[in-house]
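Here are the chains, one letter per residue:
Protein chains: 2
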Amino acid sequence: MKNIPVILLGCGGVGRHLLQHIVSCRSLHAKLGVRLRVVGVSDSKSLLLASDVFTRELDDTFLNEVSRVKLGGSSLKTLSSFGLVVVDCSASSETMGVLNQAVDLGCCIVLANKKPLTAAMDDYDKLVAHPRRIRYESTVGAGLPVIASLNRILSSGDPIRCIVACLSGTLGYVMSEVEGGKPFSQVVKDAKSLGYTEPDPRDDLSGMDVARKALILSRLLGRRVNLDSLKIESLYPEEMGPNMMSLEDFLSSGLLLLDNDIQERVQKAALDGKVLRYVCVIEGSRTEVGLRELPKDSPLGRLRGSNNILAIYSRCYNEQPLVIEGAGAGNDTTAAGVLADILDIQDLFA
Amino acid sequence: MKNIPVILLGCGGVGRHLLQHIVSCRSLHAKLGVRLRVVGVSDSKSLLLASDVFTRELDDTFLNEVSRVKLGGSSLKTLSSFGLVVVDCSASSETMGVLNQAVDLGCCIVLANKKPLTAAMDDYDKLVAHPRRIRYESTVGAGLPVIASLNRILSSGDPIRCIVACLSGTLGYVMSEVEGGKPFSQVVKDAKSLGYTEPDPRDDLSGMDVARKALILSRLLGRRVNLDSLKIESLYPEEMGPNMMSLEDFLSSGLLLLDNDIQERVQKAALDGKVLRYVCVIEGSRTEVGLRELPKDSPLGRLRGSNNILAIYSRCYNEQPLVIEGAGAGNDTTAAGVLADILDIQDLFA
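Chains L and S, in that order, are what the protein sequence lines are.
The numbers in the first sequence follow UniProt numbering, run straight up by one, and end at 350.
The numbers in the second sequence follow UniProt numbering, run straight up by one, and end at 350.
Chain L with its partners taken away, still in its complex shape (with noise of 0.2 Å):
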């Protein structure tokens, strides 16, 4: 017997009729040998699932019901729904259509993707849309419990005054080691060399990682802003840039020039009993992401090698913050964080 599953997309006038005629031809297709295994239905609202779609079906019964509701004019959500979680771990910005018809669907979404999050206000919104049934603590600090720390501040009506926050292990890397007095281009080739950077430094080095981070932090506070609206400052100038000059002529000459600058700042830093950090701050209507001289024994002045670090302001924080700090990276984290992400909407499915 071939066994043939099927999702069906649509079950008002043309998708209704073909579940009942899938059911009244039971005994023929037997004969023909082929049993078609409806493994889901669904309609504009809702996405009804067997319990395993490789092993087990609706039963017919299930389907004259679905049939039953959609003749009436109701949603499939009157049913039962399975529900299912989208999880996207890609990095890519291609996902959204696919997200996008994830929410129609009443899916929930787990992300460790900061795309489909750092797109477009408009897409942004639908996308969340759904607040309890999308989850993305993975995308800023990896599996720390920021944007669950955060949620649960903001549920209880604490107003976040302010954040600042180290979010890239790499750039926390970069100006602890500057610090010590190395010199910048070399910092950075040691670091392209342990691995902590992209493939490209200047991926790291743009801030453009940082500044998504900042823009999900701001927007989960209820800021309406854009990436392009975020003042992001870069650790090299425009004319070094991937458009402008190549990998090879970065690191063997631009990435030199940039030494004394950078030396130079973090020597006056010293003077003041400062250090450099890279840092997101979100205060007011302001969300900016850059270099900024810190206290030496403050949370984020402390910070060594490549942990992040997330310090919170509010009512209840008002004088000493909540900080949450630890490791922002890696792949055993990042899933572990969207792990968590999934087991946390546990209590929307049956």
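Calculated directly from the structure, the hints in this document are not laboratory data.
Here a beta-carbon is modelled for each residue, glycine too, at the ideal position from N, C-alpha and C.
One or more of the hints may lead you astray.
If you want the footprint, here are the derived chain L segments under chain S, 3+ residues with CB under 8 Å [to be verified]:
1. 132-144
2. 152-162
3. 296-310
4. 317-327
5. 341-349
On the provided structure of chain L, position chain S as indicated by the hints.
For chain S alone, kept in the frame of chain L given last:
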């Protein structure tokens, strides 16, 4: 018209008939100038409440439905449940009975009260029998996202190797002040007059409050331990306990006798570049609270004032721990944690 709100616990035999009587007597009661407003009904598994027990009621159609369901031997659960969250913000061990009943009724539970979670193992097991229906963030570190973060790590399967934490703002203040050379007795009296301690500071110095928090975390990690099996270091000897010495005597003379010992320990630690902290340590089967020597520049060693801090070591947070730090006491912050807990279980409600 007298309006009498009624909650009916138990709607099997007698209760079911009572409901029928109430409905059928409406006109009779109206003539008597009385209206029974049924705002809630329960059986052994569920409690169904009106959406607003002060202004609404379960209407007669619904009450008839309850009778019908119970006559058929079904559970009230088959009717849509409104659910209920029982919030315990007391500091009493006497609420256990109510909480047990609430669990039986399928209610959700949110606790700021540590006592029910630190009772005997059997009571604890019953309380957390439905882990998705209970939250108790504010029992440890007030509003700090301690339990929420641990739950995320646990649900991602990242094995927690060790927790080291300072969970008493009072003892944090005391231990960072004696570090500067002030006598222990003076610091404790200062803390008392600043309102940092309980009315009897021995309630803090005994370590029992920290021990309760340690037990809550230890049980969350799956250890089957009781309060009396924990190793708890008290900062005063048994003969100065509340049963043996009055508060006045303790403050005026007892405390002074403790100065030398603490001072010696502080100095001994300082010789090794360390500081004394009153910590909770959970590692392997070991759950301990007491004074420990810690490196000055470790996250816990750097702690100043009354902040709480928690360091979690796991596979993902291996050499560098995940650190959460911030205000760990205060009514405002604790209440914010409770509110965030309630919002966190919203998906269990229709």
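Each hint tested on the structure:
no.	hint	result
1	132-144	holds (count 4)
2	152-162	holds (count 6)
3	296-310	holds (count 4)
4	317-327	holds (count 9)
5	341-349	holds (count 6)
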